[in-house]
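J.: Chains as they are written, first to last, in the numbering used here: chain L, 1 to 362; chain P, 1 to 362; chain W, 1 to 362; chain B, 1 to 362.
These are calculated hints, taken from the structure and not from any lab test.
What you are looking at is a predicted structure, and each value in this text was computed from that prediction instead of being measured.
Keep in mind that the hints are not guaranteed to be accurate.
Pairs involving identical chains hold if they fit within one copy or between any two copies, as the list cannot separate such chains.
Restricting the straight-line Cα-Cα distance to at most 20 angstroms, the calculated cross-link-like pairs of lysine to aspartate or glutamate (DMTMM-like) are [as the list claims (entries may be wrong)]:
#1 Lys-273 x Asp-314
#2 Lys-60 x Glu-198
#3 Lys-201 x Glu-262
#4 Lys-201 x Glu-191
#5 Lys-259 x Glu-323
#6 Lys-273 x Asp-100
#7 Lys-277 x Asp-316
#8 Lys-277 x Glu-262
One letter stands for each residue in the lines below.
Number of protein chains: 4
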Amino acid sequence: MSGNTIGKIFKVTTWGESHGDSIGCVVDGCPSGITIDTDFINNECSRRAPGQSNLTTPRKESDTVRIMSGVYNGVSTGTPIAIMIENSNVQSVDYDNLKDLFRPGHADYSYHSKYGTRDHRGGGRSSARTTASIVAAGAVAKTILSKIHGFEINAYVKKVYNISTNINPLSVTREMVESNAIRCPDLLVAEEMIELIESIKEQKNSVGGVIECVIKNPPIGMGEPVFDKLDADLAKAMLSINATKGFEIGEGFDVIKLKGSENNDIFTILNGKVTTKTNHSGGIIGGISTGMPIIFRVAFKPTPTIGLSQETIDVDGNMISIETAGRHDPCVLPRAVAIVEAMAAIILCDYYLLDTIKRGTR
Amino acid sequence: MSGNTIGKIFKVTTWGESHGDSIGCVVDGCPSGITIDTDFINNECSRRAPGQSNLTTPRKESDTVRIMSGVYNGVSTGTPIAIMIENSNVQSVDYDNLKDLFRPGHADYSYHSKYGTRDHRGGGRSSARTTASIVAAGAVAKTILSKIHGFEINAYVKKVYNISTNINPLSVTREMVESNAIRCPDLLVAEEMIELIESIKEQKNSVGGVIECVIKNPPIGMGEPVFDKLDADLAKAMLSINATKGFEIGEGFDVIKLKGSENNDIFTILNGKVTTKTNHSGGIIGGISTGMPIIFRVAFKPTPTIGLSQETIDVDGNMISIETAGRHDPCVLPRAVAIVEAMAAIILCDYYLLDTIKRGTR
Amino acid sequence: MSGNTIGKIFKVTTWGESHGDSIGCVVDGCPSGITIDTDFINNECSRRAPGQSNLTTPRKESDTVRIMSGVYNGVSTGTPIAIMIENSNVQSVDYDNLKDLFRPGHADYSYHSKYGTRDHRGGGRSSARTTASIVAAGAVAKTILSKIHGFEINAYVKKVYNISTNINPLSVTREMVESNAIRCPDLLVAEEMIELIESIKEQKNSVGGVIECVIKNPPIGMGEPVFDKLDADLAKAMLSINATKGFEIGEGFDVIKLKGSENNDIFTILNGKVTTKTNHSGGIIGGISTGMPIIFRVAFKPTPTIGLSQETIDVDGNMISIETAGRHDPCVLPRAVAIVEAMAAIILCDYYLLDTIKRGTR
Amino acid sequence: MSGNTIGKIFKVTTWGESHGDSIGCVVDGCPSGITIDTDFINNECSRRAPGQSNLTTPRKESDTVRIMSGVYNGVSTGTPIAIMIENSNVQSVDYDNLKDLFRPGHADYSYHSKYGTRDHRGGGRSSARTTASIVAAGAVAKTILSKIHGFEINAYVKKVYNISTNINPLSVTREMVESNAIRCPDLLVAEEMIELIESIKEQKNSVGGVIECVIKNPPIGMGEPVFDKLDADLAKAMLSINATKGFEIGEGFDVIKLKGSENNDIFTILNGKVTTKTNHSGGIIGGISTGMPIIFRVAFKPTPTIGLSQETIDVDGNMISIETAGRHDPCVLPRAVAIVEAMAAIILCDYYLLDTIKRGTR
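So that you can see chain L by itself, here it is in the shape it has in the complex (with noise of 0.2 angstroms):
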């Protein structure tokens, strides 16, 4: 019956439907005294945008965000920031055939079962526009952890279909990601998987792809055990994005090759700091981050959208076949990269301000 927040002290709460009035997001926990650059949020979200490239959408949304509370004269005051972002370009007509059919791969069904009603338009709730308001509240992250540590966090398509790279993470930079329209800072793999995704729009079909995201420089001590793992914490933020599948850390589902004494990362000291020599672990061990590089993987499942035609069922139980038109995304990833860095944003920002409680009581 709720369900629309995430986090404990950094609180984001987000609503609104794919084609409904607007969309938007209640971030409640911003520390006061922060600098908030609209331009940032909105360069935020327009990597999130549709319209931005041929291998996306080709609906075209601007999503610039309006901030209604929480920032006097540019600064955060401590309450609340509230974010809307107008629904433009709706073309709610299109989903007019679809109003009563359970569209394969979508949440129509999930919907219809658990609420009886349902705002069909654009997938209503369902629909993955709504991480626009994800973004808007992970861009005041990234400002906050920023300012108060430094934190760089980069996320990237590492994997589409049967095309992959395997770029050291520790080399990869903001303008390696942006430098082509998969966001793949493998140049050659990048092209590779641009041709790929061009074959599949053509084909009509959709696919999938892994998403890697480095965490540079965390600080330690951040995850409250025994629950609120802080992987534990990225693993739900990453599974409640739209079309994930999967989440894995550090060697992830791949540990089952090593051997105890392969995988275990030997604790040394570099320049008098406590480091280890390997980082199988992706930075994390009792789920309190060590202070070693965070390196996750997500999985996303093909956009079930596609022009392809496919047999479904309607409300009430008649056998129907659909295709659609036009505006869906072949691929989801590039749109995606910005999705996970917020995620990421929000979660850490969350257990940063945690941890700070303990500086209060030494």
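Following the hints, put chains P, W and B in place on chain L, whose structure we already have.
T.: Coordinates of chains P, W and B only, in the frame set by chain L:
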């Protein structure tokens, strides 16, 4: 500063250290009128308990529960159920030499950095021993679920190191899982796994693996989007278990091998009920259960404690080498099966109860 | 760092400053299928709005709501209902001279000390203007309650300064309350109160008073002991309203005048139903509603903004004297009636929905 | 379905029934490195324990705590502190005749209606015995507060029936409060109260009263508006104590006797620090502590259990008369002083820790 509670309205709070006075939990949110069977709880705990076979640590603890509140004449009263398990077989002296060390792969350094102090004995709060409380709480959740909906939750070992089974999850029964020491329902594969682990044990090393979990006949409608998606909270719950490194649902990371047209589950009508021809999604779409079987997998790293000599540092930064005699598991997976089931039961119970609210308003 | 949300599963998050871009709220937890009437919400807001009579501030704001999400074709969808109210009639220039002052009785100094910065215009976040969002959210709660149980919530002015009514709460109707500008259902007393307030207004001073609230025909079973007692959360909700200084239920502070034998409500059977001969308890025992009418009272202090000259200090510690021209209420009580009702509706809705869970398990 | 936890990041969960196996609590959120003194906790509990004077019930329980986790070598580790108190002196047989009755003024009927079943022995979960856990948790909170800020929290009996003291709260010390059996720091008034209670006890009746609580030297900035105002959560905490019927802060309900010009606390500078000339507000404005002493009062009803014969009904609706022999308090106030202090300490500790977050970001 907190973090020891999981669940929204079916809330489980655990407490206790490996070698402290005792461990336990408070289950707040069990409906009244549920028959609570102490034998069933103890039996569940025995599946996780050490010393059950030569594949596990010889540390022997009976792990019988003491129910301290919330149950009167064998029936829940709707008030918190407090459960305690004594720490009967602690040999803290074994850990004296580890007091100032950071064991590789363990949370010693994380806890030391975050808290400035720690109970080092047996790993203290970061020890997997604390999951005994989770199994006890999970037994209460299972009791509720079995009464109100007839859930069946089965977890089992799917992979160990380089050995794996492709058994059909829907064919797995509790008897098959419990028929062998490794808890793999595929008997031929189970034998191979057991041989492997015995060999690893002789090498004084350890291995990890993958546990698969299937929930047959789940109710439709569990999950509260957009952040409290059922799969998101299953992911969080699984990543909060000690030694886990990944979570995936349905096709999981292999989803990238499929195109949209292949991965979309086609809705159809079977025996008058809505179903899907395939179940690539793993029973959850848009964060809400669809009524199809819920199937997910969890990756476990090899036990960090090994008999082989390893290098590390102490709190003063001195290099030192350690080797751990005796009591540890060469592979945690057979014992972790009960933990995965318990965690799944807790999450499902929470979301099932939450979803009943809608019935009160229709 | 947060604190702008009330409710457990019927969650209301408010945002906005008195003279900011706008104010509003997100209602997360409204069940699906509820008809949402914008006119009703606007009408509730108009009861709180300024400028409704010469007893209130002449600041004139229409306070009409814009529903941005969660409602489709006039019916709730189970997703968050976001509501916005524009700040149409702000005269921030009136506050320029107050920018660096701490107004006596106001939260200027509190906010300055806590946050280091603040939006001083119109009191910013600490302004009672923010309660317009609560009234809007309360209107949604009232709609739910009226659909599912037939609640009737009536608040009214019981005392102003030295004038009070002893009207029987059970005899009070909405019409009686709305029949006069002070919202006292006892017409003779109402006239006295109005005269008093007009005189106080001429004196450029202000007065406080007591609002009483009665809920007839409440369901049995609301409240989750031991901490989430229904009366405990009503107390919290009322004390979170601006300018309140006390809460009491049933006999309240006068309970000390009774002995146990006098105060105990004797159970009996009336028309085949359990009832009590008296209702000293005010409808809640042990934190759970008994089915008897819920009756509580809230004390409001005199409006801190007055026209008379007052001494204070500025942020640099200089003594200074201020007098506030124009737009303020000599007595907030007639407008606060709608706020008390709204807050009560939010709490009751939350606990009513929570209590429906038990029905799902019987 | 839950409701047994109080606090946001300093979280206290209590469990246990009056005549069950035992009672206790889990304190999750105690910072690491705090010296925990079991004797101090026991001493606090003894102030609430029965049998301490002839003004209280002769039921004798030592109420010594067993700390089961979270403390190692006498120092908190940052993990949950679980505390248990045995129910040593239960005479459940005394309650056999009450099993199917609804005692007037007690929660028997409320619990029966809500849960359908209950542990009737000694009032079960609704018994004030469960507050022993709160006092133990409060002792931990007091320990933290005394280490980090030097708080002094003093509660005392201000009124009993028709007898009251007007002692200046700022003059009250712990010694004065503990100098007599009724815990009223005004010795002459204390004697009158004691005489009254002895007379009431002979009449087999009971009386209520008012406890006042003062916190001297509180830090500025505690409280998270708009809903988590410090006074709002103090109100909730106090109303969650058994037998309370009202809460007021500063002038409280008497604030209506003052005009705005009289009630506003004038800011001024004293010894270089901001202060107010008066403290009508009771130390909290806008929900945030101002640094002035926090002063509030709580109304307690007369103990519902009395020796006089009373009418009531049983679960089948039959009229029946009961009289309770022996073990009950003619006046709960002397024992409740420790509970009020403990609850205040828990709330203050929670908000103090929350407010330290801002320091981590400046």
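J.: Indicate, hint by hint, whether the structure satisfies it.
T.: So, going through the hints one by one against the coordinates:
Proximity of Lys-273 and Asp-314 under a CA criterion of 20 angstroms is satisfied inter-copy only: 13 angstroms between copies versus 62 angstroms inside one chain copy. Within a single copy, Lys-60 and Glu-198 get their C-alpha atoms as close as 19 angstroms, which meets the 20 angstroms cut-off; across copies the closest is 58 angstroms, which misses it. When the C-alpha separation of Lys-201 and Glu-262 is checked against a cutoff of 20 angstroms, the pair qualifies only between copies, where the shortest distance is 15 angstroms, while the shortest distance within a copy is 43 angstroms. Proximity of Lys-201 to Glu-191 under the C-alpha cut-off of 20 angstroms is restricted to the intra-copy arrangement: shortest distance 15 angstroms within a copy versus 47 angstroms between copies.
In this assembly of identical chains, the alpha carbons of Lys-259 and Glu-323 lie at most 20 angstroms apart only when taken from different copies (16 angstroms versus 49 angstroms within one copy). For the identical chains of this complex, Lys-273 and Asp-100 are inter-copy neighbours only, at 17 angstroms across copies versus 61 angstroms inside a copy, given an alpha-carbon limit of 20 angstroms. For a Cα distance limit of 20 angstroms, the shortest separation of Lys-277 from Asp-316 across copies, 18 angstroms, qualifies, whereas the shortest one inside one copy, 61 angstroms, does not. Taking the shortest Cα distances, Lys-277 and Glu-262 sit within 20 angstroms of each other inside one copy (12 angstroms), while across copies they are farther apart (42 angstroms).
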